[in-house]
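There are 2 protein chains.
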Amino acid sequence: MVPFEAPEALEKRLGVRFHLRLGANESLFGPSPAAIEAMRERAATSFHYGDPQSYELRHALAERFGIRADNVCVASGIDELLSLATRLFVAPGEFVVTSVGTYPTFDFAALGAGADVRKAPYRNDAPDVEALAEEARHCKARLVYLANPDNPTGALLGALEVARLREALPHDCVLLLDEAYSDFAPVGTLPKISGGDPGVLRLRTFSKAYGMAGARIGYVIAHDSHIRELDKIRLHFGVNAVAQAGALASLSDDRHLNHVVAETSKGRRRLREVALTCGFETLPSATNFVAIDFGTREKAEAVLNSLLQKGVFVRKPSAPPLDRLVRITIGRSEDLDLFEEIFPTVL
Amino acid sequence: MVPFEAPEALEKRLGVRFHLRLGANESLFGPSPAAIEAMRERAATSFHYGDPQSYELRHALAERFGIRADNVCVASGIDELLSLATRLFVAPGEFVVTSVGTYPTFDFAALGAGADVRKAPYRNDAPDVEALAEEARHCKARLVYLANPDNPTGALLGALEVARLREALPHDCVLLLDEAYSDFAPVGTLPKISGGDPGVLRLRTFSKAYGMAGARIGYVIAHDSHIRELDKIRLHFGVNAVAQAGALASLSDDRHLNHVVAETSKGRRRLREVALTCGFETLPSATNFVAIDFGTREKAEAVLNSLLQKGVFVRKPSAPPLDRLVRITIGRSEDLDLFEEIFPTVL
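Chains as they are written, first to last, in our numbering: chain A, 22 to 368; chain B, 22 to 368.
Since the hints were made in silico from the structure, they are not lab data. Take these hints with a grain of salt, some might be off.
One copy or two, either will do: identical chains are not told apart, so a pair holds if it fits within one copy or between any two.
EDC-like cross-link-like pairs, simulated, lysine to aspartate or glutamate; straight-line CA separation at most 16 Å [unchecked claim]:
1) Lys213 with Glu151
2) Lys331 with Asp358
3) Lys161 with Asp193
4) Lys33 with Glu77
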């Protein structure tokens, strides 16, 4: 099953060539120059397998977050971790809970593990912690999935709300926190990092703020007992060496990260103004994208299709009530210039 | 579970630093210069996701083998394909068959899918097609695994023998042919490539002769009905973009491939002479490694440990009767010079 049609496939199907990719929340700011250099170097020695234990990277992450390397497992992106986590925690026929319309790859992973997927609706265009907890208690769920900040809305739940969800879950239910966009969230808003709680898995990635989506590398922070179990079922030599080198170098370049986060924050304000000028509201976002609200599914689909035809790759949620949104990735100012030029012509 | 201890972990455990890596059948000849250049370039744009359908690479492979792109699925190496294939073909409690002492990652994948793993013994230090077929019929296996050329012995079964195995299997049993070392086999010895037989999956990789082990990329050639099923369960965006670019460029550089294969062939003869000079036989090999026969497990372990202590990373099989072997990767002539110098000192 295919959670997302790739821009390459879409180009072939529509017979267009995308000159602006604002549809997959890739970072148009690129990876850190230090990461590019490290990856270029490791590409030349890629005849050597990468370290299957990602020793250096796990230790660098542990130091960054004040935890132990035993609390970190590295994998080929969050998608792989969703698959590993569902296989680890859910037996066929058991239940998991997610939100209607949130990042869909969790559903595919859960279905692949034989899980029964239950869904809670959004409230005010954000995941509803009470509805999630209620559904989890009702079906005795083994896993609850929460993307925070959320994709595709951009909504942020604060540390207190996440703690409330965690505490309201059945005692043997694990909270799977997909924090792909965490680097864009205002400092201090997310739950404090700790490796001590067996009830929460925190999934993070180098694909978004670190600009390494094509390199495929992410990690999970969790209780060491979970990390040991993940180590038993993950592909031992699965994480590529080039990505490991790039990720490690990225962690030593906070200047680039801070630049990306600051420019993204400016870009969000600018995109909101562009939308408002044309008469459309946007949803608040703590990510590197902004969802523009077109009021109806029909209008949103018309705008999406026109943008695609004009060579601008964007995506939209398909599940009501989010189907009235079109999601735009924040690019560099030159990318936003181009978007600002094209957007009014498709309305 | 960990099929192989990594050289990085071994270095830490033993307190040594390896200056010669001849233990993981990595290609010390490196990737093609064209592949390195392509990977270096793609590293800089690795903020873009790779094409989840590997469109260009699948089409290049299809052209190379005279099949259709619908007969090819790309993944992050053969290990991932072993995991996908076992999940696709084997339900928990069903049987699979492999050989005692062959490449162990199949066993881990099969156990992970809940399979019951049965094993046939080697005959004359090679997989025994009759024993495999008999065991498969006996337990009504869903999958039979055969590494050909074999790892860790280097043995090659010809096309006729593979066809004999294929025909002797139950009609609903699929032959999983791990052809990681196929590029080193003499031309014309392996079964002809075709996408038309639903009874065989052929797994191939860029990790060995193409020298891209750390990049993580491999593929399977199979009937299009199997490819469609694999597409449903694989990680959609899992194959990294850098590896895709490198693999594609590799395919256009047959000169490098031919050079690696020719040098490896010379190196096998040389390594055999080195062993014979010291009084030890070697097994015939159609791969980029040679297994030296030390007669007993104790002797082989003593040699292995001495080589490790001297900074030479090698591995040995642990299952009898192969436990009397130490497996040495064929490197460049300068690597073999070094090995030739050190080897007599550890005997």
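Evaluated hints:
1. Lys213 with Glu151: neither (21 Å within a copy, 60 Å between copies)
2. Lys331 with Asp358: For Lys331 and Asp358, the Cα distance is within 16 Å only inside one copy (15 Å; across copies 61 Å).
3. Lys161 with Asp193: So Lys161 and Asp193 pass the 16 Å test inside one copy only (9 Å; across, 38 Å).
4. Lys33 with Glu77: Answer is between: at 12 Å across copies they meet the 16 Å cutoff, but 41 Å inside does not.
Hint compliance for this structure: hint 1 is the single one not met.
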